[in-house]
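Peer 1: Below, each chain spelled out in residue letters.
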Amino acid sequence: MTNPVQVPTNVLIVGVGGQGVIMVSKVLATLCQNHGYAVKQSEVHGMAKRGGAVFSHVRFGPQVWSPTIPEGEADVLVALEWAEGLRWLSFLKPDTGTFIADCQRIVPPFACRNRGRGAEASYAPQTPEEIIQQVHAGYAMDATTMATNLGNLRAANTVLLGALSTALDFAVDDWLATIPQFVPPASIDINLAAFAAGREWALAGEKRVDANAEGPHVSYTEIRHAQVDTVVEIVEERCKGCDICVKLCPERCLRLNDSLVAELVLPDLCTGCHMCEWLCPDFAISVTNTPVPEPA
Amino acid sequence: MKDVDVLDDFDIEDYIRQDQMPHFLCPGCGHGIALRALMWAIHDLAIPKDKLAVVSGIGCSGRLSGYVDASTFHTTHGRPLAFATGLALARPDLHVIVISGDGDCLAIGGNHMIHSCRRNLNMTCMMLNNEIYGMTGGQVSPTTSSDRFTTTTPAGNTEPVFDACALAAAAGASFVGREVTLQILALRELLRDAIANDGFSFVEVISDCTEIYGRKNDLGASPEMMMSQKSSMRPFAYRNTVDVPFRPTGLKTGVLAKTDRPEYGKAYRAMTEKLRGKKGRG
Amino acid sequence: MSQRINLQGNHACALGAIRAGCRFFAGYPITPSSEVAESMARELPKVGGTFIQMEDEIASMAAVIGASMGGMKSMTATSGPGFSLKQENLGYACGAEIPCVIVNVMRGGPSTGMPTRPSQGDIMQARWGTHGDHPIIVLAPASAAEAFSETSRAVELSEQLRVPVVVLLDEAIGHLVETVDLDAIPETPEVWRKWAEGPKQDYEPYAVTDDMVPPMSRPGDGYRTHTTGLTHAPNGFPTQNPAIAEAALTRTTTKLDLHRERYESWRVRQCDDADLLIVAIGISARAAQAAVDDLRADGVKAGLFRPVTLWPFPEEALREVVASSGAKTVLVPEMNQGQLVLEVERVLKGSAGTVGLGRIDGEAITPDQIAGKAREILG
Ligand code: SF4
Ligand code: SF4
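Chains as they are written, first to last, in the numbering used here: chain A, 1 to 296; chain B, 1001 to 1282; chain C, 2001 to 2379.
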């Protein structure tokens, strides 16, 4: 990384509302301040609702004038959500920048804008491998799952903070001392563990892609009843994991998988009643019943 | 391949702008369910998309118009009914639907709402009531239940609420109804009757804001909120029959008012015809 | 049959709009503009148009935009506080490029001010009343005949350029009754906005076209477009992409620069050899004309430059007049504490001395006042 003693170091943190972008930048800014650097932090809370794009610029060094990072000047880009990371990729220093991203996809409102009419309704088309190949150093982590395994999905931002710590020259103990100031007392332990997990994961290589990272797809299940064929289609890229279909399916044959996407796990119980389809607020499920033709 | 043996051939994909999907609403937001019911009602009535105009205001509800494959107008905060009044008078051939929210319709747009009811111009207003200003981060609205926490009622809401349907009926709307999102089939039917009504129809949809309102008030996730909303209502008059004797304090659902009043646009045009006729004879 | 009739400025606005094809009016009673609504309520039904008195000023502006989005030429009229209330939706019309006309009959202000007294206090509000950078055209008639022809022109310009046009009258012109020869006002062919055509998949409601004015669609024509007050991409849907947002805003705020010759209009009187130039609009310009005659009788070479299109200000024209006449001094009489004078100063950039003359007591500015000030300046 750039030596912060001469020129400012630029860290850009992006994500969608509710993920903890601001927490990450506060930890970093405090840490820098404690080391005697001049720090400038500027942020935009998209729409102040969940799902709105949020980003925060943190710049530190002996002297920092402008609070915002110019395009192509970020030493580190931390993305709490995959597509937001891709949207900001051009801000990364092409030759030396480090890209740290959670490969979890939360469909943010503006990631899907500005497509032409009739354009394929696909969420960021490149695979994480392709992206990580393009950057100098990159980590496509499954921070959400790592945090969930530690017992709190909301600590995913701290997992990324752990990875960020490997790209900057601060002592581990300083990070560990700062984090507790910005998390609720009850979850300090989980957050410290999340930090350690993220750090360890990133230390294992300059470019890493989590095995779980993959592109979006549609799940398609066909169920043959006596008189009708039922097809349950779930468009993964639309599902936001709200649990409505899971809890309100009369037969309870759906569940949320590890990436919080609805999945038909007990197809044999499905009666093709349409309840999941009708109540899905995101139009992610469609149920089709087709009569089975009489045998000739 | 919507060859459905059960109900009908409604496919939501025919009515939404697929290039705008996924929509921007939070996980579990009831607005998406209401939008499905609305499109379903449009489908039931065989209204061509080219004759459909959807007008919305500002807020989470305001964004819904952008997802409908019709002529859609995302207007200013609280004013969609006023924009729609101009549109409906200029274009009586259109089916005009207004999508509004509790803050949009009852607070900043309250004046337009009561006067639209009074005027009885042919259009349908679907007001999505989630008891909160979601887009701006969760402030108290005219329908926030008492004691509920919002960012502007940190100690619980002490303001009384509006009963939007009672207000609409009192102001003269010729069709008034309310339904919860969980009862999507009833909601679809209600919206169908509302749109078919020749005059101003007001439909309040009890929707859930899980991410902000639900979380702040420990109301559970969307399925729990939807279930409890349903069980706190008095399904009165859905078939226009009897009230439910228990839950005396709950809001009523179903068709709550239906009156036969002259539709404003027709009345105005009849008057101008007469004037022009007179001029011709004179 | 000659159509010489006695017409009040406000009525003239209504008739001029109808002549240009305006068929929808939504309004709200307010002094001193109510007569515009009253004549619209009387006249529109006769031509198959629609009049509605809305519940408030905000709603009437909204309804006018709604009707225009439905494909009708539409107009509203208001005054002072009502004009303030309309600004929010006026901004929507600017941003979404919806043609419409707003007549504002200026009265004393601020706040309720002097409702029945003339003023020219809204010169800046007419240009900058709504928030954000936005395009707008403002026309300032100075007689009942001009109230008729300029409101007609307002309807046409708003259609051609997809921009809201404000007709800015002062109370004195609005309530002035003059003999107007309707035959002398040329009948204009009906001007309409460009309508969308061609296949749906190729149509972008806010495409960048050569003339910067994209063709408009309306419900029922098969395009099924989205219209929003949010900053939008050429496809009409909201965007936060910095490059697209900048391009979109730049197009709407600069499209008028391309069409100056279409909307710019001004009148000059005795300017050729003027040493002293008076710049004024509305009733102040009429007083100024009398002052010019008075000064000329005294041997003072005075002239009058009257912007009829007030905004965007005819800056080139004014600079040329000042340069060719060699006028050393420019006097700007107006019925406020100095608004137009700021623009004149900006335009002339010191090439001539600029002096303001304000009047804010609710009385119209007089020729004597102007001539007196001129003599004072010239010493
Ligand atoms: S169709 Fe009915 S039974 Fe089958 S998964 Fe959906 S809700 Fe469950
Ligand atoms: S209801 Fe829809 S969005 Fe919610 S979990 Fe099920 S499929 Fe996903």
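Simulated from the structure, these hints should not be mistaken for lab results. Note that this is a predicted model, so its numbers are computed, not measured. For every residue, glycine included, the Cβ atom is placed at its ideal position computed from N, Cα and C. Treat each hint with caution, since some may be false.
[Said to hold, decoys possible] Mimicking SDA-like on lysine to any residue, the simulated pairs with C-alpha atoms at most 25 Å apart in a straight line are: (1) Lys2200/C / Gln1018/B; (2) Lys1051/B / Gln2240/C; (3) Lys1051/B / Glu2316/C; (4) Lys2046/C / Tyr1264/B; (5) Lys1049/B / Ala2196/C; (6) Lys1216/B / His274/A; (7) Lys1216/B / Pro250/A; (8) Lys40/A / Gln2240/C; (9) Lys1216/B / Ala1107/B; (10) Lys2194/C / Lys1230/B; (11) Lys1266/B / Arg1017/B; (12) Lys1230/B / Lys26/A; (13) Lys1216/B / Ile188/A; (14) Lys1049/B / Pro2234/C; (15) Lys1216/B / Gly241/A; (16) Lys2349/C / Gly2299/C; (17) Lys1230/B / Ile190/A; (18) Lys26/A / Arg154/A.
[What the hints assert, rightly or not] Which chain B residues face chain C? A few, computed with CB under 10 Å, are given here: (19) Thr1076; (20) Ala1084; (21) Arg1091.
Peer 1: Going through the numbered hints above, which ones does this structure break? Give me the numbers in ascending order.
Peer 2: Hints 2, 3, 6, 7, 10, 11, 12, 16, 17 contradicted; others consistent.
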